[in-house]
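**Q** What follows is the residue order along each chain.
There are 2 protein chains.
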Amino acid sequence: MNSAFLATLKQQQSSYTPIWLMRQAGRYLPEYRKTREKAGSFLALCKNPDLATEVTLQPLRRFALDASIMFSDILVVPEAMGLQLYFSEGEGPKFTNPIQSTLDIDVLKVINPEIDLAYVMQTIRNLKQELPKDTPLIGFSGSPWTLACYMIEGGSSKNYEKIKAWVYAHPEQLHVLLDKVSIAVADYLIAQIHAGVDTIMLFDSWGGVLSESAFGEFSHKYLAKVLTRIKLALPQHHIPSIVFTKGGGVWLQKLDQLECNGLGIDWTINIAKARKETNKALQGNLDPVILSVADRPAIKQQVTQILNEYRESNNSADGHIFNLGHGILPTAKPDNVAYLIDIVHELSKR
Amino acid sequence: MNSAFLATLKQQQSSYTPIWLMRQAGRYLPEYRKTREKAGSFLALCKNPDLATEVTLQPLRRFALDASIMFSDILVVPEAMGLQLYFSEGEGPKFTNPIQSTLDIDVLKVINPEIDLAYVMQTIRNLKQELPKDTPLIGFSGSPWTLACYMIEGGSSKNYEKIKAWVYAHPEQLHVLLDKVSIAVADYLIAQIHAGVDTIMLFDSWGGVLSESAFGEFSHKYLAKVLTRIKLALPQHHIPSIVFTKGGGVWLQKLDQLECNGLGIDWTINIAKARKETNKALQGNLDPVILSVADRPAIKQQVTQILNEYRESNNSADGHIFNLGHGILPTAKPDNVAYLIDIVHELSKR
Chain A
2 MNSAFLATLK
12 QQQSSYTPIW
22 LMRQAGRYLP
32 EYRKTREKAG
42 SFLALCKNPD
52 LATEVTLQPL
62 RRFALDASIM
72 FSDILVVPEA
82 MGLQLYFSEG
92 EGPKFTNPIQ
102 STLDIDVLKV
112 INPEIDLAYV
122 MQTIRNLKQE
132 LPKDTPLIGF
142 SGSPWTLACY
152 MIEGGSSKNY
162 EKIKAWVYAH
172 PEQLHVLLDK
182 VSIAVADYLI
192 AQIHAGVDTI
202 MLFDSWGGVL
212 SESAFGEFSH
222 KYLAKVLTRI
232 KLALPQHHIP
242 SIVFTKGGGV
252 WLQKLDQLEC
262 NGLGIDWTIN
272 IAKARKETNK
282 ALQGNLDPVI
292 LSVADRPAIK
302 QQVTQILNEY
312 RESNNSADGH
322 IFNLGHGILP
332 TAKPDNVAYL
342 IDIVHELSKR
Chain B
2 MNSAFLATLK
12 QQQSSYTPIW
22 LMRQAGRYLP
32 EYRKTREKAG
42 SFLALCKNPD
52 LATEVTLQPL
62 RRFALDASIM
72 FSDILVVPEA
82 MGLQLYFSEG
92 EGPKFTNPIQ
102 STLDIDVLKV
112 INPEIDLAYV
122 MQTIRNLKQE
132 LPKDTPLIGF
142 SGSPWTLACY
152 MIEGGSSKNY
162 EKIKAWVYAH
172 PEQLHVLLDK
182 VSIAVADYLI
192 AQIHAGVDTI
202 MLFDSWGGVL
212 SESAFGEFSH
222 KYLAKVLTRI
232 KLALPQHHIP
242 SIVFTKGGGV
252 WLQKLDQLEC
262 NGLGIDWTIN
272 IAKARKETNK
282 ALQGNLDPVI
292 LSVADRPAIK
302 QQVTQILNEY
312 RESNNSADGH
322 IFNLGHGILP
332 TAKPDNVAYL
342 IDIVHELSKR
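Heads up: the sequence lines are chains A and B, in that order.
Residue 2 is where the first sequence starts when you use my numbering, and the numbers rise one by one after that.
Residue 2 is where the second sequence starts when you use my numbering, and the numbers rise one by one after that.
Don't take every hint at face value.
Here are the simulated lysine-lysine pairs, DSS-like style, with alpha carbons at most 30 angstroms apart [what the hints assert, rightly or not]:
| hint | chain 1 | residue 1 | chain 2 | residue 2 |
| --- | --- | --- | --- | --- |
| 1 | B | 247 | A | 95 |
| 2 | B | 255 | A | 95 |
| 3 | A | 274 | B | 334 |
| 4 | A | 301 | B | 222 |
| 5 | B | 159 | A | 159 |
| 6 | A | 247 | B | 255 |
| 7 | A | 163 | B | 255 |
| 8 | B | 35 | A | 334 |
| 9 | B | 159 | A | 39 |
| 10 | A | 274 | B | 277 |
| 11 | A | 159 | B | 232 |
FYI, nobody ran anything at the bench for these hints, they're computed from the structure.
Whenever a hint applies, use it, and build me the whole structure from the sequences.
**A** Dropping the structure here:
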């Protein structure tokens, strides 16, 4: 596959800086909102391979994106393990039966992704048929820590008091849960690789709520475990991987120890500083809000700054995948998205 | 004043590591809840010098704290400038007339803190009478950026889209606002110094939502401006200052340039790493949740780790003020608070 995204992730030379956007198939696109309405609900959309394929392709029809990412949600894994998932309007995802005891952990199902998450595998197989041949497909999962947060908190949280009660008062029981979730995550990603994804990404969306030592013990350790299990299961595979810990800018030296190819960074860390703390490919890091509120000159100025800071700190523009520092917002203007992608390509031409 | 807190902040030797807790006069204390009820509302409590004095003193009666902090709220400054403030139960502070245009900025009042915030000055004067003579009193203000966030967003915010629209589309108008707020903040802190506070602290609670360059332009610059204005107004004063940017762990080298004595750090950055990035006194950085969910052995273990990491990275335990990484939570257990304070003193004895 002739892909600037894959070349960059493998730290090979590229003739320009590739770009894709986290959550690029999303609510900011009217055609997405229409398909979601047709599906009936967000979860129904995730579980319908034809419609999930359709929304994955939608942003690629509009924009010159350098990668696609399968449309799904990180919470389908805990759901497959036995938790009841629903999406309440305005409040985000919730579990009706969050984990409250070790018994709840004991009864979690060991998943067979080919069966329990067959709809995801079907979406991937569809996409491999329908995507342009040089457009790589990114598969993904939530990190074990992030999934455990949702499984214990029962939804999004302000202070993470429930899971932190396990961190500080019952760590050994939390480790049992994280072990189980790690196996599910690894097996899920292995199945995605078998189904045909070209890259895997781990979203550690809530890793940043921990102290450094707790991050090491409860998130980083299980990111490593997932990556190792995949490597052992598929010793010959050459599927590159990306890890993104939101708020992880202070821990890049630690994240650099992971056996992955790229690290995602949010917009709070200067990319030149990030470059000094890790040798991995870097993915990021424009503030997503800019696509909702700024005009073209401001977007150009921000893009120029990120590209220049990266190039100067790296003595080359290679090894940088442009992205937002977090998922694109529903308020993003599609015209701004189109401009962003074009200006990244134009300004980064070698 | 014989104070381990003041000595440490001035980087002098101390026989133990001093400790106080952000929001130490707060809802976790039953006597606070009682006084607040008596006042009728949170805002009425702030505006009643006798009751504000009372709640400031409450945690000092229970615990061996090394400093007191005047009870107030950062939003009294925008209120004095003309915004209508109210506190809605469960949703936090709100302004009925947030800033939406340059006209709204034009009509903001230039405050005279001795008149417009006389109740704060009276609280400080009361406290200077009532506090034990070796207990320093911390005065404070929100940072200009953080106050501007509330003034434009109208309350707390998820993505800060309103103020970031100014950042990315109308920066020059935002600078006009930040200039006005900086003058108010500086004059407010100058009045607090005249009234008798022993230390001033700037809470940059929302600085961490910015990119590094935007942080420099819209928050750091105005922190510097406030500190400079105070210095020019009171060239002979020896009141030390602390700046706390929540989420600012990635910018410590930049924060180190400020003319302040100490920097607060949240719990996400390792204190040994922070020590390498700045020479200022460091204040922090236990995860506040631990006081709600952990038992004594876990608290002892976390405290030991922070104290050891600091001492080893600094070759001395001096220059460290123990605190939480953010305000104490309403769910904190008073017994845990008492234990924390005692164990910090015990473990840090030189």
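**Q** All hints are to be evaluated individually against the structure, with a verdict given for each.
**A** Quick rundown of the hints versus the structure:
1. B:247 - A:95: Given pair residue 247 of chain B, residue 95 of chain A holds - Cα atoms ~28 angstroms apart, limit 30 angstroms.
2. B:255 - A:95: Between residue 255 of chain B and residue 95 of chain A the Cα gap is close to 40 angstroms, so the pair fails against 30 angstroms, i.e. violated.
3. A:274 - B:334: 39 angstroms, violated
4. A:301 - B:222: 23 angstroms, holds
5. B:159 - A:159: 11 angstroms, holds
6. A:247 - B:255: Since the Cα atoms of residue 247 of chain A and residue 255 of chain B sit roughly 21 angstroms apart, the hinted pair holds (cutoff 30 angstroms).
7. A:163 - B:255: 35 angstroms, violated
8. B:35 - A:334: 49 angstroms, violated
9. B:159 - A:39: 29 angstroms, holds
10. A:274 - B:277: 15 angstroms, holds
11. A:159 - B:232: 38 angstroms, violated
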